[in-house]
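J.: Read off the chains here:
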Amino acid sequence: MLPTLRDRRARAGAPVPGMSEGALVKVEQLSRDYGSLRAVDKISFEMARGEVLGFLGPNGAGKSTTMQMISGNLAPSAGRILIHGLDILDRPRAAKAHLGYLPEQPPLYRELTVDEYLAFCARLNCIPRNRCRDAVETAKARCGLEAVGRRLIGNLSKGFQQRVGIAQAIIHTPAVIILDEPTVGLDPIQIREIRALIHDLSREHSVILSTHILPEVQAICDRVIIINQGELVLNDTIAGLQRRMEGNNLRVAFRQPPGEAELARLPGVVEVESLEPGRFRIHCGGGGDSTDAIVSASVANGWQLCELMPERLSLEQVFIQITQTEAHADPGEAAA
Amino acid sequence: MMTLVIAGKELRSLFLSPLAWVILAVVQLILAYLFLSQIDFFLQIQPRLAGLEEAPGITEIIVAPLFGNAAVVLLLVVPMLTMRLVSDERRNRTLSLMFSAPLSMTEIILGKFLGLMAFLLLMLVLIAAMPLALLAGGSPDLGVLASSFLGLLLLVGSFAAIGLYMSTLTSQPAIAAVSTFGVLLLLWILDWAGSGRGGEASTVFGYLSILRHYEPLLKGVFNSTDFVYYLLLMVTFLVLSVRRLDAERLLGR
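Protein chains in written order, with the working numbering: chain A, 1 to 336; chain B, 337 to 589.
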């Protein structure tokens, strides 16, 4: 699985944030108020064709609201959404024809069978009656639903219901598929299957995916957008995020440890943190320079360096850093 | 076109639930009982009618009461059919399926309305089949029968439009049913106010009353005022429903 993922990224090329030509989805200064509460605050981003965009954020950050607006289920208080260059407010019918949307709770009619339901969805999306059957069969095949076509949706397991929800979103082969937390409430095996399915979809469609499961983003997305308290706090490619994760911390251990002050005097070292006797975490300002300085100082002073390891931040740490700095900044704003 | 797709789905969903079948059966049973007792009554008084000049015929004695009673029964039944149209979809969060499809709100509302009307039309055909059966043994006035049928159709159409609107207001089917029933009953008894004294108020209330426009049609009198009244009522509530769904998209909830 992994090699194919890399292949795909290589093929797609790293999309440049801010690129405007050929943007499939363009969101400009999007805001949404619920009464006095501002749920989404001036979010702007673009999405290229064939991209998988991960929407991250803590609960209540405005992920679902944003997706509802992009899918035309909710009118924005301010701002513009262009899909394929079509404004979703001015030309909703034309814009929505390019959209497939799976809300947080899949919109399923429990009293219908899978076949009946998908046929209805196909007709709703303007697929002519004679091509309906093919569209249903294709969607079923792609979502692994061949065996349950004649069963009632209400009697299916949660995982299969989720697949029916995805099948509904892709039945008219839209250019953009919006999936709101598609793996929530599924067991680990089902999560893997749904992820494989999304990965499969990304060959032909652009996918916007919201989640709060971080490894999911690393596994399937090309680009990440982090939203916190309605504001966009990060818009970066996965590669950019990887760079952020590299960080500039070193973990070192010495057999004959020097004092913290001595280490702190080395060039490029910003801060030294003592972890346990002989072990330190060194925050560097200049990256590789201080590694050299530490090694040569150790040789010169006989500290007997026995461990030197660059520390990688996990995506989780990056996420927490980003969302919490925002959270700290906010009370001041609220008071002001 | 899309309207018909939604109408078809709505009709299918109705027949997938036992509710539609039960309602069809109960309405038919009760009206059949009324019909038979009316025939019984007609047979009792027939010898006396034979002696009268300008005696009321079989249509006046059997068809008019049957359709009059059918209106009352349907006043009770239609709210139960309309209550789930939108509120159930809102509760199960399936509305987003239609909101994100390339459809206008008007198509959604019209589709739901026509789907329900197809079901109600079927019910009316079953009701009309009873007086039509009289053709086997007598000669009912087909003109009066037709105008009664049209009257009942317009009446249930108005019931359905009002019920649909009530259903767009809430996410609880029971609330939609009760409030629809309340509005329908109010429209029904509206002309009771000041009916004794005449005057302007009673004319206005009389005009607004849903029943006043139904009675002439039962007698075979087709007045365009009545027709327009029902049409306006339907259009008003359908437009209100469309506006309500639009507001849902604008306001969120």
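Keep in mind that a hint or two might mislead.
Simulated coverage check for chain B against chain A, where a stretch passes if three residues somewhere in it have a Cβ under 8 Å from a Cβ of chain A [claimed, not checked]:
1. 346-358
2. 425-435
In silico contact screen, one side only, chain A against chain B (beta carbon under 10 Å); selected entries [as the list claims (entries may be wrong)]:
3. G72
4. G100
5. Q105
6. Y109
7. E111
8. P267
9. C306
Calculated directly from the structure, the hints in this document are not laboratory data. Where a beta carbon is used, it is the ideal one built from N, C-alpha and C, also for glycine.
J.: Take the shortest C-beta to C-beta distance between P267 (chain A) and chain B; is it under 10 Å?
T.: This interface hint is violated because 56 Å lies over the 10 Å limit.
J.: Tell me if Y109 (chain A) is really an interface residue toward chain B, meaning its C-beta lies closer than 10 Å to one of theirs.
T.: Holds - the Cβ of Y109 (chain A) comes within 10 Å of chain B, reaching about 6 Å at its closest.
J.: The hint names G100 (chain A) as touching chain B; please verify it with the least Cβ-Cβ distance against 10 Å.
T.: It holds, given that the least Cβ distance between G100 (chain A) and chain B is near 8 Å, below 10 Å.
J.: Once the shortest beta carbon distance from G72 (chain A) to chain B is found, is it less than 10 Å?
T.: 6 Å, holds
J.: Go check the stretch 346-358 of chain B versus chain A for me, would you? Three or more residues, Cβ under 8 Å, otherwise it fails.
T.: Check passed, 4 qualifying residues.
J.: Under the criterion of a CB-CB separation shorter than 10 Å, is E111 (chain A) in contact with chain B as hinted?
T.: This hint holds: E111 (chain A) lies near chain B, its Cβ roughly 5 Å from the closest one there, short of 10 Å.
J.: Is the interface hint satisfied for C306 (chain A)? The criterion is a beta-carbon contact with chain B at less than 10 Å.
T.: Result: violated, 59 Å to nearest chain B Cβ.
J.: Go through the hint on Q105 (chain A) and say holds or violated, using the shortest Cβ distance to chain B against 10 Å.
T.: OK, holds: Q105 (chain A) within 10 Å of chain B, min 5 Å.
J.: Within the assertion that chain A covers the stretch 425-435 of chain B, do at least three residues meet a Cβ-to-Cβ distance smaller than 8 Å?
T.: It holds: at least three residues are needed, and the stretch 425-435 of chain B offers 8 whose Cβ sits within less than 8 Å of chain A.
Consistency note: the structure conflicts with the earlier hints numbered 8 and 9.
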